[in-house]
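A.B. asks: This is what each chain is made of:
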Amino acid sequence: MEPEVVEAELVLPTCLSFKKIQMHEKYPKGQSRGRQWKHLKQILQAENFQNGSPDEPNYINIESPPSMHPPMRICDMTGFEAPYSDPRTNLRYANTDVFKMVRSLPPEYVQRYLALRNAAVVLK
Amino acid sequence: MAELLFETYGVPAIAYGVDAAFSYKYNQRHGICHKDGFAICPGFSTTHFIPFLDGEPVYKGCCRTNIGGYHVTDYLKQLLSLKYPYHMARLTWEKVEDLKMEHCYVAPDYASEARLFQEGTKEADDKIRSWQLPWTPPPAEERPSEEERARKAAIKERQGQRLREMAEAKRSSRINELENELHGLEFLLQQLEQVEGDNVPSFLKTTGYVSKQEIESSISKVTQSLRKAKGEPKSDLAETDEKTDSSANEKYPLVNIPDNLLSPEQLKEKRRQLFLKTTSDGRQRAKQKRFEVELERERKSQQDEERRLENPKLYLEQLHAKYKEISVRVEQRKRLKTNGGHTNGNNASGGVGRGERLNAAQRERMRLLTTAAFDRGKGEDTFGAKDEDWQLYKLMSKDNDDDDEGQDDEEAEMNRISSRLQELDPSFIPKPDLGTLQPAADMPKFRPHTKEDYQIVLGVERFRCPEILFHPNLIGIDQAGLDEMAGVSIRRLPSRCEELENRLTSSILMTGGSCLLPGMAERLEAGIRMIRPCGSPINVVRALDPVLDAWRGASVYASALHFPEQTFSRLDYYEKGEDWLRRYQLQYTL
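First to last, the protein sequences are chains C and S. Residues in the first sequence are numbered from 1 upward in steps of one, following the UniProt record's numbering. Residues in the second sequence are numbered from 1 upward in steps of one, following the UniProt record's numbering.
The hints are simulated quantities; they were obtained by calculation from the structure and are not laboratory data. Remember, it's a predicted structure, so these values are computed and weren't measured experimentally. The C-beta atom is built at its ideal place from N, Cα and C for all residues, glycine as well. Any given hint might turn out to be false.
[To be verified] Covered by chain C, according to a simulated footprint, are these stretches of chain S (three or more residues, beta-carbon under 8 Å):
1. 2-11
2. 59-67
3. 114-124
4. 478-490
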C-alpha cells in the first residue's frame with residue numbers, strides 16, 4: 001500500500017495496537033473468511049429461548065400482542081377515512097374521485113400501494 | 001459481543017444496560033419522573049414500554065412493538081414517491097428524514113384531522129406545507145428586439161443575395177454551355193450536309209450520333225432548354241390556353257361538322273380534335289373551380305377580419321374555443337385509431353400489449369374472426385339462417401377505414417385556426433401534437449412545467465406517517481400501538497393493584513427519537529386514558545433530551561463510585577463462561 005494512503009488514515013491499518021488478536025492472525029490470508037453476517041432470526045434461533053423458563057422475560061416473549069383495537073382503515077392514496085374498498089385492486093378508497101384514480105392506476109402502482117400495508121401479492 | 005470485547009480487545013470489565021432505563025434514571029435524577037413509572041421509548045426500529053418499580057425496571061412487564069422512526073420515514077418516502085413519481089430521484093432517505101423531523105406531527109385524533117383535510121377547510125389549508133424543488137422557469141419566448149430583427153433580416157437578405165447571385169452565375173454558365181452545344185450541333189449538321197451519301201454512316205460513327213434526325217431532335221431540345229434557361233416566356237403552350245376561348249372553333253374546325261360530311265381521314269382528325277377539346281375544356285373547368293375556391297377563401301377571411309374588427313375580444317375567444325374543440329376531436333380520433341375506445345377508465349392502466357398495436361376497427365375485426373373461428377367447432381351450424389349473419393362478412397373485410405378524410409379536413413381546419421390565433425394572440429401556443437396515446441399520469445408532461453409541478457406538497461402525510469406508531473396495522477404490522485402498549489404492560493405486571501397502577505401511570509416518561517414529534521404527549525395521554533379506568537391519574541412527560549439522555553444516563557452511571565460492583569469482569573467471563581451473562585442484570589440504582 002502506498003505510504004501516503006496509510007498516513008492519511010484513509011484505510012484501517014492492518015495492525016491495531018489495542019487489539020489482542022489481529023485480523024490477519026484470526027483470518028490468515030488465503031483462507032476464506034469464517035465470518036458471516038447472521039440475520040436476527042438466526043441469532044434468535046441460536047439463543048434457544050424456548051429452553052428457558054417461560055416466566056423469564058426474553059427478546060421473544062416481550063413482544064406486544066396483536067392489537068385489540070378495531071383496525072383503522074384509511075384510504076391508500078389520500079389517507080382519509082376509507083369506508084370502501086375496490087374489489088378489483090383491493091385498494092381502499094375514500095370517495096368517488098379517489099376511486100377514479102384507483103381505477104386508472106397502473107398495476108405496478110397498485111402493488112406498491114398494497115405493499116405499503118403489507119398486502120401486496122408476493123410472487124415466490 | 002462479550003467474547004469479542006474480552007478476547008480481542010482485552011476489556012477489563014463490562015456492564016450491559018437498557019437505554020430506556022438509563023434515560024429514565026437520568027430524568028429521575030432531574031426530577032422529571034418518579035421512582036415508579038413507565039418509560040416509553042419509540043426508537044429507530046422498535047418501540048419499548050418498560051415499567052419501573054422503585055427505580056428498577058420490571059422486565060416482566062416490558063413489551064416491544066417492532067415499529068419505530070425508520071418505519072415512519074420509510075412510509076413517508078414511499079408515499080411521496082408514489083405521489084410524485086417524477087421527483088423520485090429527489091426523495092433521498094436523508095431528505096425525507098429531514099422532512100419528517102421538520103413537518104410531521106401527531107394528530108390528536110386522526111379521523112377528525114383527516115376529515116378537516118377532506119373537506120378542504122381553511123384550517124387544513126394552513127396546515128399544508130409544500131417543498132419547492134429547485135426550478136428554473138423555462139426561457140420566456142420574448143419577442144426579438146427591433147435591432148435583432150433588423151440584423152436577422154439583413155443576414156437573410158445577404159444570404160438571399162448570395163443565393164441569387166449563385167443562381168444567376170449558374171444560369172449564365174448553363175446558357176453558355178447550351179449555346180456552345182447548339183453551335184457544335186449546327187456545325188455538325190452543316191458538316192453532314194457536305195459529306196457524301198456513302199460516307200454518312202462512317203462520319204456519324206465518329207460523332208456518336210446514329211442519324212441526322214437524331215441530331216436535329218437534339219438541336220431542337222437544346223434550343224428549347226436554352227430558351228427556358230434564358231427565361232423567355234414558355235412559348236405557345238401557355239398562350240394557347242388563354243386563347244382557347246376565342247379560338248376554340250377555329251382550332252377545332254371539324255368538331256361541329258356532322259360525321260356524314262367527312263371523309264374517313266377527316267373523321268379520324270375529328271376524333272382527335274374532339275379529344276383535345278374535351279381535355280382542354282376540363283382544364284379550363286378545373287381552373288375555374290380553383291379560382292372560385294380562391295375567391296371563396298378570400299371572402300371568408302374578409303368576413304373573419306370584419307368580425308374581428310367588430311369585436312376583437314369575442315372573436316379571439318371564439319377562435320380559442322373552436323380551436324380547443326377541434327383539437328379535442330382530432331385528438332380523440334387519433335386516440336381511437338391508436339388505442340381503441342376509452343370506455344372504461346381501466347384501459348389506461350392496461351394499455352400494454354395488444355391494445356396498443358391495434359386500432360378499434362382492427363380489434364373489432366379480430367374479435368369477429370376469433371368468435372367465428374370458435375363457433376366453427378360447435379355442433380349445430382345455424383349461420384346464414386338470418387340475413388344479418390351475412391353482414392358479418394362485410395365487417396370482417398378490411399375496408400372500413402373510411403373516416404380518414406374527415407380527419408384530414410379537421411386537421412387542416414385546426415392548422416388554419418392555430419396559425420390565425422398565432423398571428424392575433426402572441427400568448428397562444430399551439431398544443432403539441434399528441435401523436436400516440438399516453439397514460440393519464442403522463443399527461444402533465446405535455447404542458448409546460450410550472451412552478452407548482454416542482455412542489456412537493458405535504459398535507460395529510462404530515463400526520464398520516466406518525467400515525468403508524470399508534471396503528472401499526474396501517475403498514476401491515478399486527479401489533480399493539482403505542483397507547484395500547486401501556487395496557488399490555490400493565491397487564492403483564494406480576495402484582496396488580498389499582499393504587500400501584502395509578503402510581504405508574506402518573507409518571508410516564510417518553511424518550512427516544514420519535515418522541516420529538518409534536519403532539520406525541522397529548523396523543524399518548526389521550527390514548528392511555530381510553531384504556532384506563534375513569535378518573536385515574538395520567539401524566540405523560542417528555543425526557544429532557546429524548547435522543548441523548550440514554551447516553552448521559554449511562555455515563556453518569558459509569559462514573560458512579562459503585563459502578564465496579566455492577567460490572568461483569570474478564571475474570572467472571574473466564575470463570576463462569578458466556579452463558580452466565582444471561583442471568584446477569586445490573587442494578588440501575590446505585
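A.B. asks: Work down the list of hints and note, for each, if the structure agrees.
C.D. replies: Okay, the hints, checked on the actual structure:
1. With a threshold of 8 Å between beta carbons, the proposed coverage of the stretch 2-11 of chain S by chain C holds, since 4 of its residues qualify and at least three are required.
2. Counting residues of the stretch 59-67 of chain S whose beta-carbon sits less than 8 Å from any beta-carbon of chain C gives 7, enough to reach three: the coverage restraint holds.
3. For a cut-off of 8 Å, the count of residues in the stretch 114-124 of chain S with a CB near a CB of chain C stands at 4, and the three-residue condition holds.
4. As drawn, the stretch 478-490 of chain S meets chain C at 7 residues by the rule of a beta-carbon pair under 8 Å; at three or more, the given contact holds.
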